[in-house]
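> Here the structure of chain F is known, so what remains is to put chain E in place on it, guided by the hints.
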Amino acid sequence: MATKASRTAARLMISPAVILLFAWMIVPLVLTLYFSFLRYNLLTPSGNPFVGFENYYWFLTDPSFTAAAVNTLLLVGGVLLITVIGGILFALLLDRPMFGQGIIRIMVIAPFFVMPTVSALVWKNMFMNPVNGIFGRIATGLGFEPIDFFGNMPLGAITIIVAWQWLPFATLILLTALQSLDQEQLEASEMDGANWLNRFWYIMLPHLARAITVVILIQTIFLLSVFAEILVTTNGGPGTASTTLTYLVYVASLLQYDVGMGSAGGVVAVVLANIVAIFLMRMIGKNLDA
Amino acid sequence: MARAVSTRTKVLNTAIAGTLGFLMFFPILWIIILSFKTEEDAIRAPLEVLFQSGWTIENFLTVQARSDYFKHFSNSVIISLGSTLLGLIIAIPAAWAMAFVPAKRTKDVLMWMLSTKMMPPVGVLVPIYLIFRDTGLLDSLIGLTVVLMLINLPIIIWMLYTYFREIPGEILEAARMDGATLKKEILYVLAPMALPGIASTILLNIILAWNEAFWTLNLTAANAAPLTAFIASYSSPEGLFFAKLSAASLMAIAPILIMGWFSQKQLVRGLTFGAVK
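Residue numbers (my numbering), protein chains in the order written: chain F, 800 to 1089; chain E, -6 to 270.
Just chain F, same shape as in the assembly (with noise of 0.2 Å):
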């Protein structure tokens, strides 16, 4: 049982954490917030009057806002696509027996490792460069065309890279949930006459239901904030047909020094991922409870 002076000593153990987290997240949020409602442009000096929603309105009916949007949209949406297809595909594969798993599995994680970075300079430089990377080097070798991947889909592009670099996330949670699941259930059923599209469906994407929506809420967080490997390769381009959510703010606060927009901007991503949040929030506090 606690004592009451256990209890002081516990919340004097917690306290620097929480303080500390506050100053980090409520503090620049709020003024964030307040940012968002001035007229406030590092560039030219205005006194930095109140403007009430100005700045949304600017923002929200910006083209490159509803490109951006929409961008983002795509991004997320296709990462999440191919990385929870193909993980689920890499994890039942992964869990049958084979000779050599454990360098297999290595091998299918590693990408997950490489900084953004540098990720997204290779496969621009060393792989999807039409001239001297591979893939055109392949299509040239072929007799086809290569495909010019940063001239024509950028977007696409990044994507590739982004799920690459995921998709070994998705492997290795989904695979993780997998191995956990019942050997005799499946047995049971296996005897029963269920052929293995029958225990794939009833069996076992029932039991990787929980794991799978893990993987799509918490790559939505990290991916929604994608922003490096748009940084080194395409700077948001041509026009706008890179840019996504996390860049606009970047390029407005950054780079146009428009405080109040780009907060503006902030505050409108951090909305849109609060929506995620709150089911990813649920799914883990019941968790906690078991």
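What the hints contain is simulated information worked out from the structure, not anything from laboratory work.
Some clues are possibly wrong.
Here are the computed distance ranges between Cβ atoms for each label pair [claimed, not checked]:
#, chain 1, residue 1, chain 2, residue 2, range
1, F, G992, E, D101, 48 to 56 Å
2, E, D171, F, F898, 48 to 56 Å
3, F, P815, E, T174, 30 to 38 Å
4, E, I160, F, L888, 33 to 41 Å
Note that the coordinates shown come from a computational prediction; the quantities given were computed from them, not determined experimentally.
Heads up, the beta-carbon is just placed ideally off N, CA and C, and yes, glycines get one too.
Same frame as chain F, but now just chain E:
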């Protein structure tokens, strides 16, 4: 009960999985190969690169000589180790208290900490940037270390919490009944059981801090730039020098690749906040 599997099935599985694994790993393998080639060889056709070219370590020397690679490398080491240690000092007591002296609101506190991790960084980019600019923390190792510690703090606390919670409280009671003092209890009973958890937390956090590429890119310039930012400087036109790009990349990812291989299991627990174990 394990089922008997025919060797043929096993060979077939190995072939399919091996091919896919090789394809996933290939970009990394290609980085390794090209980093030991001359620039002229590196842009030749893949088969020529493999079978008709020699090996050299020239690139590593050039990268170091031209852009002081080791400065950025040591920046990365300082930032990732520093932020992890700093985080542990703050997180261990907090996680300990929440795991062993749970209060009514412990769950709320944990969930709130988690929620700070859900916040997209652009939501606080502007104020943090301005505060850093006004306090002279821009492009400083201290500022970056603190920022990385803070963004990973929720993960550290959560990981430690899930590990500590698995230590049965009865063992502590038994030790106390046997007359162990608090010091002995911590030293001989708790620490040995908590160490594996703490070790994997350290590992995962070094990896996360090393690869962090939002704040490191936005808050540094020449001085405090870690490897993420250093590699970003290859975006153009240096990226077209495949061999040097590969050499710089290989040195940047090698330490973490090796650490990552040891932390696969912890990765799942750490990044799903215990939702999948």
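> All hints, please: hold or fail.
Here's how the hints hold up against the structure:
no., hint, result
1, G992(F) / D101(E): 48 to 56 Å, "holds, 49 Å"
2, D171(E) / F898(F): 48 to 56 Å, "holds, 49 Å"
3, P815(F) / T174(E): 30 to 38 Å, "violated, 26 Å"
4, I160(E) / L888(F): 33 to 41 Å, "holds, 38 Å"
In this structure, the one hint that does not hold is number 3.
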